[in-house]
Amino acid sequence: MITAGIDIGSLSSKAVILKDGQIFGRALTPTGADSVQTAGRVMQEVLDKTGLSFKDINFIVSTGYGRVLVPFAQRNVSEISCHAKGSSWFFPSVRTILDMGGQDCKAIRCDATGKVTNFVMNDKCAAGAGRSMEVMADLLQIPLADLGRESLNTVRGEQDISTTCVVFARSEVIGYLHQGVPANDILGGLCEALASRVYALLKRVGVEEDLVISGGIAKNIGVVRRIEQKLGINAKIAYEPQIVGALGAAVFAREILAKIMPG
Amino acid sequence: MIGLGIDVGSLATKALILKDDQILAWSVKPTDISRKSIPAAVDDVLKRTGLRLNEIENIISTGIGKKEVSYATGTLSEVSCAVRGTAFLFTGVRTVVDIGGQNCRAIRCDGDGGVIDFALNDKCAAGTGIFLTSMAKALEVDIGEMGQLSRQSTMEVNITSMCVVFAESEVVTLIHRSVPKADIIRGLHKSIAMRVNGLVHSIGLESRVAVVGGVAKNDGVVSCLEELFKQKVFVPGEPQLVCALGAAAAAMKRGGAN
Numbered sequence: 000m001i002t003a004g005i006d007i008g009s010l011s012s013k014a015v016i017l018k019d020g021q022i023f024g025r026a027l028t029p030t031g032a033d034s035v036q037t038a039g040r041v042m043q044e045v046l047d048k049t050g051l052s053f054k055d056i057n058f059i060v061s062t063g064y065g066r067v068l069v070p071f072a073q074r075n076v077s078e079i080s081c082h083a084k085g086s087s088w089f090f091p092s093v094r095t096i097l098d099m100g101g102q103d104c105k106a107i108r109c110d111a112t113g114k115v116t117n118f119v120m121n122d123k124c125a126a127g128a129g130r131s132m133e134v135m136a137d138l139l140q141i142p143l144a145d146l147g148r149e150s151l152n153t154v155r156g157e158q159d160i161s162t163t164c165v166v167f168a169r170s171e172v173i174g175y176l177h178q179g180v181p182a183n184d185i186l187g188g189l190c191e192a193l194a195s196r197v198y199a200l201l202k203r204v205g206v207e208e209d210l211v212i213s214g215g216i217a218k219n220i221g222v223v224r225r226i227e228q229k230l231g232i233n234a235k236i237a238y239e240p241q242i243v244g245a246l247g248a249a250v251f252a253r254e255i256l257a258k259i260m261p262g
Numbered sequence: 000m001i002g003l004g005i006d007v008g009s010l011a012t013k014a015l016i017l018k019d020d021q022i023l024a025w026s027v028k029p030t031d032i033s034r035k036s037i038p039a040a041v042d043d044v045l046k047r048t049g050l051r052l053n054e055i056e057n058i059i060s061t062g063i064g065k066k067e068v069s070y071a072t073g074t075l076s077e078v079s080c081a082v083r084g085t086a087f088l089f090t091g092v093r094t095v096v097d098i099g100g101q102n103c104r105a106i107r108c109d110g111d112g113g114v115i116d117f118a119l120n121d122k123c124a125a126g127t128g129i130f131l132t133s134m135a136k137a138l139e140v141d142i143g144e145m146g147q148l149s150r151q152s153t154m155e156v157n158i159t160s161m162c163v164v165f166a167e168s169e170v171v172t173l174i175h176r177s178v179p180k181a182d183i184i185r186g187l188h189k190s191i192a193m194r195v196n197g198l199v200h201s202i203g204l205e206s207r208v209a210v211v212g213g214v215a216k217n218d219g220v221v222s223c224l225e226e227l228f229k230q231k232v233f234v235p236g237e238p239q240l241v242c243a244l245g246a247a248a249a250a251m252k253r254g255g256a257n
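Just so you know, the sequences run in chain order V and W.
Residue 191 in numbering that gives the first Met the number 0 sits at position 192 of the first sequence, and the numbers go up by one each step.
Residue 8 in numbering that gives the first Met the number 0 sits at position 9 of the second sequence, and the numbers go up by one each step.
One or more hints might be untrue.
Only some residues are given here: those of chain W computed to face chain V with a beta carbon under 10 Å [what the hints assert, rightly or not]: (1) S9; (2) R34; (3) D121; (4) C123; (5) T127; (6) K136; (7) S152; (8) T153; (9) M154; (10) N157; (11) I158; (12) V163; (13) V164; (14) F228.
With a straight-line Cα cutoff of 30 Å, these simulated DSSO-like cross-link-like pairs (lysine-lysine) come out [as the list claims (entries may be wrong)]: (15) K123/V <-> K229/W; (16) K123/V <-> K136/W; (17) K216/W <-> K123/V; (18) K229/V <-> K122/W; (19) K180/W <-> K123/V; (20) K216/W <-> K202/V; (21) K122/W <-> K123/V.
I should point out that these hints are in silico values taken from the structure, not numbers from a laboratory.
Computed from a prediction, not measured in an experiment: that's the story for all the values here.
We put the beta carbon where it would ideally sit given N, CA and C, even for glycine.
Work out the full structure, taking the sequences as your base and the hints as a guide.
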């Protein structure tokens with residue numbers, strides 16, 4: 000049985016192929032202006048990697064912001080459900096999921112089967128989403144992938160950031176740079192601010208171990224460490240945190256297929 | 000009696016001189032990090048009147064940088080200055096909406112320069128001037144043209160993102176989809192007006208209403224506000240000078256009593 004999951008996110012699109020219960024292939028590509036085209040592109044990419052052709056795929060489920068814009072998907076499932084399902088596939092012991100993408104942040108609780116029991120999310124304000132880190136990486140001229148590590152190597156300690164809004168924080172950071180505050184200290188303050196906002200969201204839903212962190216932010220060790228510190232627990236992180244949603248969609252595809260085609 | 004009002008805002012520094020209830024001159028200079036905007040605006044306004052700084056009895060500063068004016072004889076809050084400036088221009092105004100570059104204030108007042116209650120948004124850039132500045136950049140239009148362009152709108156467009164950062168991406172997506180700029184701009188004006196309306200209703204809307212601050216120069220935003228307020232509003236000819244005017248009026252009233 001071969002199924003696929005397609006996750007059309009706000010900034011990047013992901014595809015996963017699941018074959019006999021194993022991840023057989025995965026692909027990641029930036030989401031362009033045309034989501035339909037992006038969906039086709041990421042699907043082709045994963046097919047190329049696995050040497051499969053489109054007709055080999057038995058069932059396709061889409062998820063993410065653009066989940067209704069995947070013309071070849073047979074079903075679409077919300078990203079909340081897919082993240083819980085995907086996290087549970089990686090770590091069956093998961094009960095709380097923190098998923099932060101470019102444009103939103105979700106704190107999700109699930110049961111032993113990966114079924115969602117409760118969730119809260121922020122999709123209104125960039126200050127509580129991954130986009131804030133992108134804006135700052137751009138401003139500080141530091142690659143996004145290095146931000147987290149650099150933020151843990153402060154020179155004089157974290158520089159407190161007093162504004163919440165990303166637009167205002169950007170001006171505040173420019174001010175600190177003019178005053179000669181080291182970039183690492185500013186990064187420390189920015190990661191701390193983001194971690195505080197995430198912590199507040201997690202508190203609202205209640206944290207039960209194990210906690211899994213997924214989405215792009217899981218790659219930012221500076222934010223992850225600070226969240227762990229606030230909670231006093233260690234988080235589990237999938238080896239490829241950005242594909243968790245797409246994986247969840249592929250797992251759903253497998254479950255749906257098993258139901259409609261028993262045996 | 001002569002009074003000088005200086006409003007050091009986040010984006011622009013304004014100076015205005017009043018003499019016996021007459022506006023003698025005013026000047027607007029962009030605020031910069033090096034603080035040169037204050038001497039630039041003050042020198043300019045003095046040159047226009049032929050006055051020297053020591054001939055002015057009272058100087059009142061206001062705005063986010065009001066403490067930067069070392070020679071000011073007093074300072075006043077932005078809220079107080081907005082209300083005093085409005086009272087100087089219009090009688091009987093009970094609600095003043097001041098939309099500046101990086102904040103927005105809704106003020107309930109007694110119609111005679113006194114403040115009753117106010118609400119302030121300085122936490123979130125949505126619903127402030129910077130929202131329009133960012134969007135004008137994304138749309139590659141001049142911010143001064145936005146009001147006029149929005150009048151050519153023929154189709155309703157709703158901007159679903161509240162956050163400036165997210166709205167910027169939304170606007171780029173709309174441009175890619177070939178949605179006419181006029182319709183996008185009209186949607187943006189509605190968005191900012193809805194945010195401001197929320198702030199105004201948190202203190203209660205009372206007639207007569209004045210809209211001041213730099214954003215009031217955009218008649219597209221003003222007309223969206225009028226729709227939401229269900230009434231016409233007063234807008235001064237130079238809305239961004241109202242706080243400087245309020246400061247100058249307060250300075251003039253104090254006369255020589257230092």
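### Task
Run the structure past the numbered hints and jot down the numbers of the failing ones, going up.
Numbers 2, 6, 7, 8, 9, 10, 11, 14 and 20 - these are the hints that the structure violates, sorted from lowest upward.
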